[in-house]
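Visitor: Based on the sequences and whatever the hints tell you, model everything.
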Amino acid sequence: MNGMATELNDSQHFVTFKGPGAMRTGNAYDVRPSEFTLATMRAAGLLDRMVDDVDPPATNRLWLDKNTDPAVLKEWDSIGSAWMPMTFERIFERAAVTVLTVTGGTANNITVSQPPIMIESRLYSITPNLTSTGAVTIAVAGVGTFQAVYPNGNPIATGEFLQGRPTLLIFKDGKFRILFGYGALSPALEQVAELVEDALEARDQAVAASIANWANVATRALLAVTAVPAVVMSVVVGGYASAGDGGRSQYAWVASEPSHPGKLPRVGGGWWELVESSPSPKMFGAKGDWNGSSGSDDSLAVISWLDYCVKRKVRGVLTGGYYRLTGKVTYNMPVSLAPLSIEGGGRDVSAFVFDCDNGGFDFTLNNGVRSGRNTLTIKGCTFVTTRQANLAGTAISINGNNAEGMTHPGLLIAENLLRGNDANKGWGYGIDILNSTKSTIKDNEFLGNWQGSYEYNATFIRLRGNNLATDHIIENNRSVFTDKGLEITGAQEGFFIAKNQFVATRTGIVRSGDVNSRPLFHIVNNHISAFSTCVYFADGGSQVHIRDNELYEMEVGTGNWVGVALVNVVEFWVKDNTISSFNATRTQRVGIDLNGCGNGFVQSNVLRGTSDTPMLFGISLPSSVTNTKVLDNQFKDVTNRMTGPADGGNVTVKNTYGNFKGVGAISANGDYNITLNHSLGVVPNIDKVQFSVRAATGAMDLLPMQVVSVSSTQSVVKVRVQNFVTAGNVQANVYLEA
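Using the numbering used here, the letters of the sequence shown correspond one by one to residues 52 to 789.
Possibly wrong hints are sitting among the right ones.
[Unchecked claim] Here are the simulated SDA-like cross-link-like pairs (lysine to any residue), alpha carbons at most 25 Å apart as the crow flies:
#  : residue 1 : residue 2
1  : LYS430    : ARG366
2  : LYS223    : SER164
3  : LYS626    : GLN594
4  : LYS362    : THR428
5  : LYS314    : ASN342
6  : LYS493    : ARG598
7  : LYS69     : ASP120
8  : LYS314    : ARG299
9  : LYS687    : GLU606
10 : LYS680    : THR764
11 : LYS489    : LYS680
12 : LYS476    : LYS489
13 : LYS687    : PRO755
14 : LYS125    : ALA95
15 : LYS680    : ASP590
16 : LYS117    : ASN60
17 : LYS550    : PHE652
18 : LYS223    : ALA186
19 : LYS226    : GLY204
[As the list claims (entries may be wrong)] Ranges between beta-carbon positions, derived for each pair:
#  : residue 1 : residue 2 : range
20 : ALA269    : GLY210    : 21 to 31 Å
21 : LYS680    : LEU442    : 28 to 38 Å
22 : ALA281    : THR188    : 56 to 66 Å
23 : LYS223    : ALA281    : 48 to 58 Å
24 : SER176    : ALA95     : 41 to 51 Å
25 : ASN611    : ALA747    : 28 to 38 Å
26 : THR638    : LYS680    : 28 to 38 Å
27 : ALA281    : GLY210    : 36 to 46 Å
28 : ASN650    : SER310    : 49 to 59 Å
29 : VAL82     : GLY210    : 57 to 67 Å
30 : VAL194    : ALA95     : 18 to 28 Å
Source of the hints: derived by calculation from the structure; they are not laboratory data.
Since we're looking at a predicted model, the values are computed, not measured.
A virtual CB, placed ideally from N, CA and C, is assigned to each residue, including glycine.
Guide: Here's what the structure looks like:
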């Protein structure tokens with residue numbers, strides 16, 4: 052024992068302990084002194100939360116880490132998020148505060164639950180449910196009732212314990228002594244709080260007054276030269292150049308210069324940015340004061356307005372006024388920006404007035420996906436020109452720029468009015484679209500100008516180009532006095548043309564170009580009155596549907612007239628149309644003229660003239676027409692109902708008939724021969740001729756008997772009259788099948 056160290060070295064010494072009985076292997080163990088000591092303390096209940104293991108326990112435990120020899124006692128450090136070795140400071144040099152949970156009592160006699168430990172010199176906190184009104188005692192369940200006092204032992208003052216506010220106590224000498232209370236500080240704190248509240252209120256009132264004074268500035272021009280207080284971040288100007296001039300708008304402060312025209316420098320630094328969601332040209336200085344003969348030049352303002360709308364991704368609104376423009380408005384839309392939408396209040400509510408030669412809007416659309424929206428929308432606007440059509444230019448011109456791989460989803464041109472400043476003025480072209488996809492052109496109106504002798508040199512709608520121009524809807528548009536209502540040129544395909552009215556036009560719908568195979572044209576429910584041709588496919592196409600249209604010849608003019616003219620078209624349907632001619636001065640009047648066409652149907656059309664001026668030719672089927680069926684058509688006052696078809700073309704003519712009045716003054720029962728004059732262009736097989744009869748006037752029963760004879764110019768049928776009552780005329784309908 053004399054040689055034993057005065058202190059144990061935990062890394063060099065061991066402590067041996069054994070079980071009952073003699074010391075032997077399996078009953079005696081060597082352990083490190085520190086581990087033995089800690090185990091002894093745990094056995095005594097002092098370290099009952101200690102876990103000894105190679106893996107860490109829950110963070111609310113102590114860990115005797117046995118990954119080293121000797122083992123190390125550690126605790127979880129929430130600040131460093133790590134297990135740290137226990138030190139003297141961690142064990143002894145910190146104060147633990149135990150919360151006393153209030154369970155009842157009164158304001159001055161508080162009851163709390165028994166804490167986990169209740170010992171001398173321990174720190175406690177309490178949060179009263181009520182504010183004290185005098186001396187206070189605290190009853191600790193299972194322990195006893197103790198007085199609450201100041202550190203010097205004096206009873207606490209009224210209001211020392213505040214409802215809902217924690218108070219820190221130390222239990223010493225059988226009393227809860229307040230280490231930090233509220234009573235002494237309350238009056239001062241309340242006074243400070245009142246002073247702070249008054250100061251904040253005064254500040255807010257001053258700021259509010261300042262903002263109110265600067266929330267509205269008379270004009271944009273004044274805002275540009277005025278030092279607005281820094282606290283003001285947004286202002287409303289009452290006008291652009293003068294209050295009430297229509298330029299009322301809102302500006303907001305921004306640090307960096309905006310990229311669009313709606314801006315001006317802020318005095319003192321930064322910029323004022325226009326922040327309108329539906330801006331008008333007047334917010335950019337436009338006057339809109341055209342009076343029919345004169346007005347301010349709004350060209351620059353309108354261009355700035357367009358640029359702002361695109362770059363701010365907002366909808367432009369054409370508010371009240373007629374905006375005079377002295378040159379063509381050319382706008383090249385930036386790549387990959389938002390679509391442009393221009394919307395007016397309706398026809399002639401406001402207008403763009405082009406007081407120049409070659410005027411109009413000229414848009415170029417560049418590449419960029421447009422998030423499912425139309426790339427360009429022009430709706431509810433009026434476009435006026437002060438020039439005649441040969442000088443006026445194009446009201447709306449759009450270059451889709453498909454050569455650069457355009458991926459925009461389309462255009463919407465709707466509810467616009469395109470007209471001249473007076474009856475002698477008008478646009479050369481109304482809407483001209485080059486190389487664009489998915490155009491919707493609907494509900495627009497075009498008023499052409501009168502050039503004398505029925506000569507109109509204007510075109511309402513033109514679509515042209517060869518670059519992926521597909522999927523167009525042209526619906527419910529109306530024009531008067533034009534050379535062409537709708538012109539389609541180039542490699543265009545996928546058209547739905549419906550419910551349009553092209554009145555007093557030289558040619559209603561014309562398609563031409565050097566690509567013959569472009570498919571899918573639906574021309575449906577249109578009303579066209581033309582001087583020359585109502586529907587004309589000049590250079591081919593396929594899958595052409597022309598149905599349910601009303602096609603009329605204008606009653607004035609000279610030269611030839613054709614209702615439907617198709618050249619080199621394959622897969623066509625001309626069906627359920629009413630085609631009418633009236634003008635006796637024409638050289639020729641043809642209902643349906645087919646040349647070089649094949650694989651088609653001409654079916655259930657009504658072709659008619661008048662008794663005074665019959666249609667000269669109903670259906671023209673030259674030898675170039677092949678694989679075509681002519682079915683169930685009706686002729687009324689048509690001199691030559693069909694020309695052709697020639698043999699070898701595989702053309703079927705069936706149930707194509709005309710109405711002919713036969714003998715009159717039938718006065719008794721009996722058999723009668725009725726002669727029907729016609730021009731068929733072919734001699735039908737007599738076995739395939741069918742006919743029906745009816746009493747046009749008079750009262751009798753009629754029975755068709757037989758076809759007596761048939762030629763290309765005349766048919767004779769026999770009719771039996773029975774149950775004769777009164778005299779009258781008999782009308783026969785002949786059905787022919789070649």
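Visitor: Take the hints in turn and mark each one as holding or not.
Guide: Hint-by-hint comparison with the structure:
At most 25 Å may separate the alpha-carbon atoms for a hinted pair to count; LYS430 and ARG366 meet this at roughly 11 Å. Between LYS223 and SER164 the CA atoms are separated by roughly 19 Å; this keeps the pair inside 25 Å, and the hint holds. Between the alpha carbons of LYS626 and GLN594 the distance comes to roughly 13 Å, so the proposed pair stays at or under 25 Å and holds. Distance hint between LYS362 and THR428 is fulfilled; the C-alpha atoms sit about 15 Å from each other, no more than 25 Å.
Distance hint between LYS314 and ASN342 is unfulfilled; the C-alpha atoms sit about 30 Å from each other, more than 25 Å. For the hint pairing LYS493 with ARG598, the CA-to-CA distance comes to about 19 Å; that is within 25 Å, so the pair holds. The straight-line distance between the Cα atoms of LYS69 and ASP120 is roughly 21 Å, inside the 25 Å bound, and the hint therefore holds. Restraint check: the Cα-Cα separation between LYS314 and ARG299 comes to about 14 Å, which is no more than 25 Å; the hinted pair holds.
As the CA atoms of LYS687 and GLU606 are separated by approximately 18 Å, the hinted pair is consistent with the 25 Å bound. Under the criterion of a C-alpha separation no larger than 25 Å, the hint pairing LYS680 with THR764 is consistent with the structure, at around 21 Å. For a cut-off of 25 Å, the pair hint linking LYS489 to LYS680 is broken: about 33 Å separates their Cα positions. A distance of roughly 31 Å separates the Cα atoms of LYS476 and LYS489; the hinted pair therefore is violated under the 25 Å criterion.
A threshold of 25 Å between alpha carbons decides the hint, and for LYS687 with PRO755 the separation of about 22 Å falls inside it, so the pair holds. Under the criterion of a C-alpha separation no larger than 25 Å, the hint pairing LYS125 with ALA95 is consistent with the structure, at around 19 Å. A C-alpha spacing of about 22 Å is found between LYS680 and ASP590, which places the hinted pair at or below 25 Å, so the restraint holds. A hinted pair counts as satisfied when its Cα atoms are at most 25 Å apart, and LYS117 with ASN60 qualifies at roughly 18 Å.
Note on LYS550 and PHE652: the hinted pairing holds, with a Cα-Cα distance of about 22 Å set against a maximum of 25 Å. Between LYS223 and ALA186 the alpha-carbon distance is near 18 Å, which keeps this suggested pair within the 25 Å criterion. At most 25 Å may separate the alpha-carbon atoms for a hinted pair to count; LYS226 and GLY204 meet this at roughly 8 Å. Between ALA269 and GLY210 the C-beta distance comes to about 57 Å, which lies outside the given range of 21 to 31 Å.
For LYS680 and LEU442, the Cβ-Cβ distance of about 49 Å falls outside the hinted range of 28 to 38 Å, so the restraint is violated. For ALA281 paired with THR188, a C-beta distance near 58 Å keeps the hint of 56 to 66 Å intact. Separated by about 57 Å at the C-beta atoms, LYS223 and ALA281 satisfy the suggested range of 48 to 58 Å. The beta-carbon spacing between SER176 and ALA95, approximately 29 Å, falls outside the hinted interval of 41 to 51 Å.
Between ASN611 and ALA747, the C-beta spacing of about 34 Å keeps the proposed range 28 to 38 Å intact. Range check, THR638 to LYS680: about 30 Å between beta-carbon atoms, so the 28 to 38 Å window is met. Distance hint check: the CB atoms of ALA281 and GLY210 are about 44 Å apart, consistent with the given range 36 to 46 Å. Evaluation of the 49 to 59 Å hint for ASN650 and SER310 yields a pass: the beta carbon distance comes to about 56 Å.
For VAL82 and GLY210, the hinted distance range of 57 to 67 Å is satisfied, since their beta carbons lie about 59 Å from each other. For VAL194 paired with ALA95, a C-beta distance near 23 Å keeps the hint of 18 to 28 Å intact.
Consistency note: the structure conflicts with the earlier hints numbered 5, 11, 12, 20, 21 and 24.
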